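Number of protein chains: 2
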Amino acid sequence: MRSSLLVIAAALLVGAAPAQKLLTPGDIVTAAPASAWKEIPADDLLVIDLAGGGQVVIQLAPTFAPVHVANIRALARSGYWNGATVYRVQDNYVAQWGLNESDKPWPAGVNPKPPAEYVRPLRGLSIKSLGNPDPYAPAAGFADGWPVGYSPKAGWATLAHCYGSVGVGRDLAPDTGSGGELYAVIGHGPRQLDRNIALVGRVVEGIDRFSTLPRGPAPLGMYADKKQDVPIASIRLASDMPVAGRPAYQVMDTASPSFARYLKLRANRHDAFYEVPAGGVDLCNVVVPVRKLNLLP
Amino acid sequence: MRSSLLVIAAALLVGAAPAQKLLTPGDIVTAAPASAWKEIPADDLLVIDLAGGGQVVIQLAPTFAPVHVANIRALARSGYWNGATVYRVQDNYVAQWGLNESDKPWPAGVNPKPPAEYVRPLRGLSIKSLGNPDPYAPAAGFADGWPVGYSPKAGWATLAHCYGSVGVGRDLAPDTGSGGELYAVIGHGPRQLDRNIALVGRVVEGIDRFSTLPRGPAPLGMYADKKQDVPIASIRLASDMPVAGRPAYQVMDTASPSFARYLKLRANRHDAFYEVPAGGVDLCNVVVPVRKLNLLP
Numbered sequence: 028m029r030s031s032l033l034v035i036a037a038a039l040l041v042g043a044a045p046a047q048k049l050l051t052p053g054d055i056v057t058a059a060p061a062s063a064w065k066e067i068p069a070d071d072l073l074v075i076d077l078a079g080g081g082q083v084v085i086q087l088a089p090t091f092a093p094v095h096v097a098n099i100r101a102l103a104r105s106g107y108w109n110g111a112t113v114y115r116v117q118d119n120y121v122a123q124w125g126l127n128e129s130d131k132p133w134p135a136g137v138n139p140k141p142p143a144e145y146v147r148p149l150r151g152l153s154i155k156s157l158g159n160p161d162p163y164a165p166a167a168g169f170a171d172g173w174p175v176g177y178s179p180k181a182g183w184a185t186l187a188h189c190y191g192s193v194g195v196g197r198d199l200a201p202d203t204g205s206g207g208e209l210y211a212v213i214g215h216g217p218r219q220l221d222r223n224i225a226l227v228g229r230v231v232e233g234i235d236r237f238s239t240l241p242r243g244p245a246p247l248g249m250y251a252d253k254k255q256d257v258p259i260a261s262i263r264l265a266s267d268m269p270v271a272g273r274p275a276y277q278v279m280d281t282a283s284p285s286f287a288r289y290l291k292l293r294a295n296r297h298d299a300f301y302e303v304p305a306g307g308v309d310l311c312n313v314v315v316p317v318r319k320l321n322l323l324p
Numbered sequence: 028m029r030s031s032l033l034v035i036a037a038a039l040l041v042g043a044a045p046a047q048k049l050l051t052p053g054d055i056v057t058a059a060p061a062s063a064w065k066e067i068p069a070d071d072l073l074v075i076d077l078a079g080g081g082q083v084v085i086q087l088a089p090t091f092a093p094v095h096v097a098n099i100r101a102l103a104r105s106g107y108w109n110g111a112t113v114y115r116v117q118d119n120y121v122a123q124w125g126l127n128e129s130d131k132p133w134p135a136g137v138n139p140k141p142p143a144e145y146v147r148p149l150r151g152l153s154i155k156s157l158g159n160p161d162p163y164a165p166a167a168g169f170a171d172g173w174p175v176g177y178s179p180k181a182g183w184a185t186l187a188h189c190y191g192s193v194g195v196g197r198d199l200a201p202d203t204g205s206g207g208e209l210y211a212v213i214g215h216g217p218r219q220l221d222r223n224i225a226l227v228g229r230v231v232e233g234i235d236r237f238s239t240l241p242r243g244p245a246p247l248g249m250y251a252d253k254k255q256d257v258p259i260a261s262i263r264l265a266s267d268m269p270v271a272g273r274p275a276y277q278v279m280d281t282a283s284p285s286f287a288r289y290l291k292l293r294a295n296r297h298d299a300f301y302e303v304p305a306g307g308v309d310l311c312n313v314v315v316p317v318r319k320l321n322l323l324p
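These protein sequences, in sequence, are chains L and Z. When the first sequence is numbered by our numbering, its final residue is 324 and no position is left out of the sequence of numbers. When the second sequence is numbered by our numbering, its final residue is 324 and no position is left out of the sequence of numbers.
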């Protein structure tokens, strides 16, 4: 017999707000005022169209990795990624794309040896604390709409590797990767990578286009045969697309009262499905709310 | 240009043991003696064959949910699941299967109203502590080969919702679900569900057969049209299969010295790729090692 399983537990994830007495995190998102939202600049949106159909949109994080993000913008604008493919998909880990083994020269404006933007100064960030201990950093919370680990004592902050996080492939240190090869997390947040590799953003729409791809049979989830590679039709900045057709989104302001309420409920689910609120939550289980805007008249 | 990105970071996940000075968690697994492994009884393996090809194998956890596991064995043996499908796949959450909305009567031997096996007594379990705080329970660690949250003071232990965990669909409490509808986690561990729903096992092989399925377009990831449902050819216990053709596995003994070394390295990656060991790790990022046995002569 069927169980409508998790209907309420998961209501948040589909934005539903069922009629019930006790609020869910999704209810908070639905009721958040306009002042709780910030629009993502079109220059911070990287739009990937797969040749077989489907679009993946990434929000870039210049606040955390300005040199790598500048590289990615230059690569997109120059058409560097013409012919790019998704060539690696490892279950419960990452999907990775780019030109793979190419010797194509870097276009103008690309810094081939960026600094290691694994952490940035804590100073200048407005932090909302997660409220419970984090195994990967002295403290954890949210800054500028992003999940971060940080050290109040040492004064650094780092983007956290959560589901959907986007980072820059690299070889062994001191190489930091230039931005030509990118990966997105498609499994449990591999936070051991925090502070060891440059994160540059997160997927805000279409992660399922990566997460449903066949896993690669070769070591590390590489596709064994180039025929398996998933061709990418284009990688563009939204700011280079016509206004009428470009995707646009708002992210909840993590310094807003709405986010504080949302965070509190994520750690203390008390709606009808739940019998025992956890009283805590891990950083990657607090997905910062993002909503799509409709720019068409 | 290509980056061989994460090659070493991920070596564990493919069982490789590259030649290098500093040990990886994967090296510990490769070098573990026979005494560090325990075979999974064939009666604890639920084998799902998809009609379109592909096999998913689940290890059941009678130590934690004996009544639900007894139900699942009875359902498998009676052929209750003939005609079952995967009818729900929600990105970064769960894939769910069963008969969906069926009124098929329960076969003999099934308890239609099992007790809420969300926690069990801590007593009787040999616990290996995770070694750092857990947001979802007073303490966390490993018992009998499973990731668990527990309370030394209150004396309970609960299986944790990690990638690959398998649980029992239910409606609102006090319903606990009978076992006819099951789900597997295909995203970041939704540990807010711990102690709120019965976990009965984990996928030990073939999770990608679920994680790569198209996400359902209806609310909660339900497939909107029955034509989208993914048909299941059979759900059997390995103990009901011919010995020569049944899958078999060993799980690392979480009370063994090898597991202690593995856990320590998971929290302190120091091999060539890593510059900064985290010094901690979250429960779901310590995947308990499982290896397949070849029973053919």
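Since the hints were derived computationally from the structure, they do not count as laboratory data. Just so we're clear, the structure is a prediction, and the values are computed from it rather than from any experiment. Treat the hints loosely; a few may be bogus.
Since copy identity is lost for identical chains, a pair holds within one copy or between any two.
[What the hints assert, rightly or not] Below, a list of computed lysine to any residue pairs in the SDA-like style, where the Cα atoms sit at most 20 Å apart: (1) Lys291 / Asn109; (2) Lys65 / Leu240; (3) Lys291 / Asn138; (4) Lys254 / Thr239; (5) Lys291 / Pro160.
Here is how each hint holds up against the structure:
1. Lys291 / Asn109: Neither, since 45 Å and 43 Å both go past 20 Å.
2. Lys65 / Leu240: neither (32 Å within a copy, 33 Å between copies)
3. Lys291 / Asn138: neither (42 Å within a copy, 37 Å between copies)
4. Lys254 / Thr239: This pair counts as both: shortest intra-copy Cα distance 18 Å, inter-copy 19 Å.
5. Lys291 / Pro160: Both. Shortest intra-copy (15 Å) and inter-copy (19 Å) distances satisfy the 20 Å Cα cut-off.
In this structure, the earlier hints numbered 1, 2, 3 are contradicted, and the remaining ones agree with it.
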